[in-house]
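For reference, the chains in residue letters:
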Amino acid sequence: MTDKTVIIGLEIHCQLNTKTKLFCGCSTDFQGDEPNTHVCPICLGLPGAMPRLNKQAVLYALKVAKALKLTVPEVSEFSRKNYFYPDLPKGYQISQYDKPIAEKGIMEVDDDEGHPKNIRITRIHLEEDPGRLIHKTSRDRAGYSLVDYNRSSIPLIEIVTEPDLRSPKEARRFLNKLRSTLEYLEVFDGEREGSIRVDANISIKGHNRVECKNISSYKGVEKALNFEITRQRNLIRKGQRIEQETRHFLEGRGITTSSRSKENENDYRYFPEPDLRPLRVSGWIDDIVLPELPDARRERFIAQYGISENHARTLTGDLKVANFYESVADADPAIAAIWVADILLGEINYRSMRIDDVPTMNIGDLIALIRDGTITDKSGVEVLRVMLDHCIGEDVETCEMPADIVTRLGLTKAAGDDFTAEIGKVIAANPNAVADYHAGKKGAVNFLVGQVMKATRGRADPKELNTAMADALKETEE
Amino acid sequence: MVLENDVEGIAKLADIHIKKEELGEFTSQFNHILEYFDILDTVSDGEEGKADLVNVLREDEVTPSLTQEAACANAHETEDGHIRAPRVM
Amino acid sequence: MVKEYFFEKTDRTNAFITRLDLAMYEETGGPLEGKGIAVKDNISTAGIPTTCGSRILAGYVPPFDAHVVTCLREAGAAIVGKTNMDEFGMGTTTENSAYGPTTNPHDTSRVPGGSSGGSAAAVGDGMVDMALGSDTGGSIRCPAAFCGIVGLKPTFGRVSRYGLIAYSNSLEQIGPLGQTVTDVNTLMSAIAGPDSRDSTAYDRPYTHTPSSEIAGMKIAVPEEFFGEGVDPTVAESVRNAIGKLEDAGAETMACSIPSMAYALAAYYVTCTSEASSNLSRFDGVRFGPSVETKRSWHDEYRDHRGTFFGKEVQRRILLGTFALSAGYYGKYYAKAQVARENVRKDFLRIFKDADIIAGPTMPQIAFKLGEKSDPLSMYLADILTVPANLAGVPAISVPCGTVDKMPVGLQLIGRHFEDERVVDAAFAYETEVI
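Residue numbers (this note's numbering), protein chains in the order written: chain S, 4 to 481; chain X, 750 to 838; chain Z, 16 to 449.
The set of hints was computed from the structure by calculation and includes no laboratory data.
Owing to the predicted nature of the structure, the values given are computational and were not obtained by experimental measurement.
Glycine included, each C-beta is placed from N, C-alpha and C at the ideal position.
Mixed in with the good hints there might be a few duds.
[To be verified] Derived pair list, reagent style SDA-like, types lysine to any residue, alpha-carbon separation capped at 25 Å: (1) X:768 - X:778; (2) S:84 - X:818; (3) S:66 - X:753; (4) Z:326 - X:784; (5) S:107 - X:826; (6) S:22 - X:806; (7) X:799 - Z:318; (8) X:761 - S:98; (9) S:107 - S:90; (10) Z:346 - X:755; (11) S:216 - S:257; (12) Z:309 - X:837; (13) X:761 - S:77; (14) Z:346 - X:758; (15) Z:346 - X:753; (16) Z:309 - S:145; (17) S:58 - X:810; (18) S:58 - X:801; (19) Z:309 - X:818; (20) S:84 - X:804; (21) S:381 - S:341; (22) S:84 - Z:364; (23) S:102 - S:145; (24) X:761 - S:90; (25) X:769 - Z:304; (26) Z:309 - S:87; (27) S:69 - X:769; (28) Z:326 - X:810; (29) X:799 - Z:343; (30) S:139 - X:826.
[Unchecked claim] Covered stretches of chain X (in silico footprint by chain S; criterion: 3 or more residues with CB under 8 Å from a CB of chain S, positions within the stretch not fixed): (31) 793 to 804; (32) 824 to 837.
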């Protein structure tokens, strides 16, 4: 149930998918590389180095602005946010303050009753990421930090919402939709480590607001918000005051703790970055062509493929899944929807695989085998598991094709004649069950069918088998 | 007019250690200078200048980075390619 | 072909922080081939320590060259060393250096001016023909005037600042100092032009041969440049110099720059604000004197800056921090930007009718060492040089006689991107008096 007294606003930091950093030409592709190997005088903040703005990052921010229906002001500008921390090499972060790249937009999301509502977007601004800190402790030292500046100056957009969200679930849905929209725009890769970080402002109506900082997963946002709501409600119940403060979310423990800093202690002394020139890009927005976005694609899937809204929603929630579906839908859109949305996603999730790892051609073949009645659904799952366990990562050419797996494992659907003999054997071997059946215990038929299924290892079509079994039992009545 | 504890507060915000015995001198110099800055109060509100050079951007093309050795060359303490810094926890 | 350059001149004014007795240069056929050039120590030089006159950068060796240094090397220059300066450019005398004060080559009991005092003294004392300095609020022109040499602050954006260790980004420019206008012109030709690494730089190369033909040039003389605080004998020297320009065919007219009333305040609010942010990176982690990594970050950061920054630097960081802080931004920083725009407008108005604005570079001759002990009185000495920085226009100082045997500088200010005309006016004066 949505609680109208819960007030949530989000600040979402998303890493843009550019080749180079926001203010220098160092590559952003550093995952798995040695520390401090994707750095230069600019992102190390060496004296005398000057920032150079990445055009692609600006275009990506504008793309997001257009998709979320924001207005791009005539002039926007970069500012310095001054604070001191060892992962911030210049002692300030180049960000945007009073002249962000875009303002005032909306995104529609379903509330907890399933009704669509608009969440207002306050602004979007561009900024650079700090480096990465590792905290070390050792017996002889009081502890120290290690800094890797590979992440320093990675481009981020910060998307700020109005306090329009009313529940942790709603917040989660908003984030999922935002992620999916950003992926459709091809400006964001949600699978990159640290690609999204959220600060959540949360309050109970009539009480002070608390900011929860640095939540780094979608699940974490819901957890942190649930924890905060409970904590704040308990305080209110006990008649205690809710401090306006910043709290940190401890992902591992699922709790928030006070960072002992009052909000008004932060005086970042923003002023315009004198080493960069202003942007005048409001005219550029007209030239940006948006791809089909999740809502539009969902509607099209329903209309074009005649699939259910639920399936369409699942399939379009992730750009790669939607693309995957469309490339296998030709064989039979309805069967393909079931196989991708209900079966394949579960199987790859179980294996911690990604949809990219699955060759569409093979799944297309598998769907055709099912459509043609060559194998049963149950056998289909078996073939799929063999494929996922053995074929993935191999060259599509050398990978065993579904038809070959079917032949090798003898999974071709048992035809009528094939299991008439099995039915006879099962009836002969289970006189008690047959007697129960004739005594009116209709459930006994399920046991007998199960025995045949076992014997044919799922190769029999359950529907056909049921009919044949009923016929065979009728014959034993005389 | 700022007082010694105002200057202490600014030093805290600036994160610079000012010796107690120097605080008095700093404060009196500060007041002289701020008094002089008061002339800015006579400037009526107006517009800031408009920039003639805008949209200075670079293409998203990778340029070579420094080697780890060069990046760490001026640092005093390193560990496994990281640079050591004072503790924050 | 790499060649050796032996730099054997005695440094009697403490002009250098780092000197290379054996400097190398490339036979490039460039205009500076085989010339020994001194570079201010806030300009990054790959492989040569760059300290900004500060203890906080002791031992720092940049892994890259500033754009202008690359230009010098390409032009065939031998970089003979890094010159002394007020710490981070914060001063008017070159006394605020962690490496001791530089003295004036004309009288070693006096200051050479600042903050590019080392560069000016090295040229003034004949150690080198040319040197690079930087000018945030007069730091090239002031020491040029005090040391009796020529110094040009180019139009903002005409020379790339890439590699210049920032003090106040929106005000400062790298520029040439030389014995003669011709030398300054040669060095300016080598360093000006586009550089994509400085986003505020324009694509306006400088290829110019100075001309003394100034007949019909209109020169405006602002009353404020001869007002209160300007030594009458200095004013007289400068008026005589302007008379020489009239002899050469220039027309003069009176003018007024009302915004001079608050220009200096606007300047100091702007430069201290930017400095308070620029100087945050000196944390001892990636470069500079070592920090104790087992202490807590804020304790160590605070003490590091308290220990290794000089008093004037600390004072300016505090002033700038205050000017930007919540509740004061509007009164100081924002107001200063409006004031700055007013200065620009005053210049644009005058330049509708005039080609050049002329007046003294400094209100006085070189001070005695230790004479300006109060910070505010030191700041006030910059009153005639800061307007050009606030407006971003080019300005040159050229020697125009002496007072008490000390040199006086004539300042000539021009329109945006008319550095050439400023050089011509100075060249005409130089030609007239020789």
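Open item on the list: Output the indices of the hints that this structure fails to meet, ascending.
Closed with: As far as the earlier hints go, 2, 3, 5, 7, 9, 13, 22, 23, 27 and 28 are violated by this structure, in ascending order.
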